[in-house]
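J.: Work the whole structure out from these sequences, hints included.
Number of protein chains: 2
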Amino acid sequence: MPESKPKFRRESPEQRRVQLIEATLRVIARKGVSAATVREISAEAGVAFSLIRHHFKTKEDLMYAAYAFHMHKMAQVSLSAATDTARPLKERIKQCITDTLSPPVTDGAALQVWAGFIQMVPHDARMKQIHMDTYLGFRDALEPLIVEALRSQGNHADPARIEQKAIACNAVLDGLWLEGSMLPDMLPAARLIDVAEFAIFAILELAQPD
Amino acid sequence: MPESKPKFRRESPEQRRVQLIEATLRVIARKGVSAATVREISAEAGVAFSLIRHHFKTKEDLMYAAYAFHMHKMAQVSLSAATDTARPLKERIKQCITDTLSPPVTDGAALQVWAGFIQMVPHDARMKQIHMDTYLGFRDALEPLIVEALRSQGNHADPARIEQKAIACNAVLDGLWLEGSMLPDMLPAARLIDVAEFAIFAILELAQPD
DNA sequence: ACATTTACTGCACGTTTGTACAATAAAGCC
DNA sequence: GGCTTTATTGTACAAACGTGCAGTAAATGT
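The listed protein sequences derive, respectively, from chains A and B.
Sequential numbering of the first sequence, starting at 1, is according to my numbering.
Sequential numbering of the second sequence, starting at 1, is according to my numbering.
Hints are computed from structural coordinates only; laboratory data are not their basis.
Positions of the beta carbon are idealized from the N, C-alpha and C atoms, including for glycine.
One or more hints might be untrue.
If the Cβ cut is set under 7 Å, some of the chain A residues that face chain B in the computed set are [claimed, not checked]: (1) G32; (2) V33; (3) Q112.
T.: In structure tokens form, the structure reads like this:
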């Protein structure tokens, strides 16, 4: 019985990289960034800690990858409804609000990861670039919805006013995301969504739904 | 010439504590939380690194003190206009908006410090307490302004609707604070204030100013 | 001027960190 | 089945971390 139990499994570099990234995010969510050491992460992933440096040149590189991965996932969940042109406009807006202000986007763990990375942004050009890309991606996906909403009721499409409303709607979502993630007991998802719908429809000067 | 230049200056515990706290916040703002080691902080303050443990039982205690100090300072700047009952209501609201969305409250360095501490909140009961206190303090100071604004124009003071509007206004300020601190080039203070005034007056169903 | 207090310094200790490198073994190819 | 490739492991190491403690000196009261 020579090969009854292999000592480890050999994975493709792509799969292993994703495993290590997801282990990193789990550790950060559970214990914070300072606890995300190579030893802790590799234990979470179930591999030797020296394996990390075989797939990532430095630990910093793993952090870059984890940040981009996390942001991309959040944006995808949050905006998946925005481009679904089959559904009516109001439905799409409400779906975006709901997706943004419910788990797993509005969530203590996600906030932990986000806050941990945010503090690296000003000191690191690559982190800053990742941040800019995801933020502008979010705003670019949201603005067409707002333009459409204003046009649909014959509102004057002054570009300056459109941008003003886009920034304001974005701020409402960001602010509620922040507070809902930090104080979930005080502000459950249903309450956040209710407030967001009211505020955004007020800003867009649309008739309140329901 | 025995005592030409003393090797160090002896300060009162209270003064030295504040000096160490402020040095901590400067280091965090400049290099992030991970760079805020006892050696780095004490170098910033111009003292031996072992002095920290003479004034704070542990390094964690210094962090608690720095967090509370930072939050208290931000809330004070942001809300100083709220209680100034001599000025007319609209002026007070606009002043609060301006104070909140200008430096030093809306500022990259302040965001750095805040983000660094936020990630400790879920894992630490004392940090959580400090956070709750400052957050509720902010909301309690803002809500009377909103109640007064709604009452002033004979609006129906349904408590549920008042709280809804208070949460929404809070979210606008939080969201703009966040985005303005992260992307100051894209969103300068003047733009933030402009958007905030528009959005908050829309939410409160007040006539737009100017 | 001297004694007392304690803010302050300087150094050493054990732990944990990211990194480096040689040895090992799993998987694919012939 | 043997050979090659390389994903994976295990160990070692220097640097940096928070902490402990004995000694020093600045300020204060007498």
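J.: All hints are to be evaluated individually against the structure, with a verdict given for each.
T.: Hints versus structure:
For G32 of chain A, the shortest C-beta to C-beta distance to chain B is roughly 5 Å, which falls under 7 Å, so the interface hint holds. Here the hint on V33 of chain A is kept, as its CB sits about 6 Å from the closest CB of chain B, short of 7 Å. With 7 Å as the threshold, the beta carbon of Q112 of chain A comes within range of chain B, its nearest partner Cβ sitting at about 6 Å, so the hint holds.
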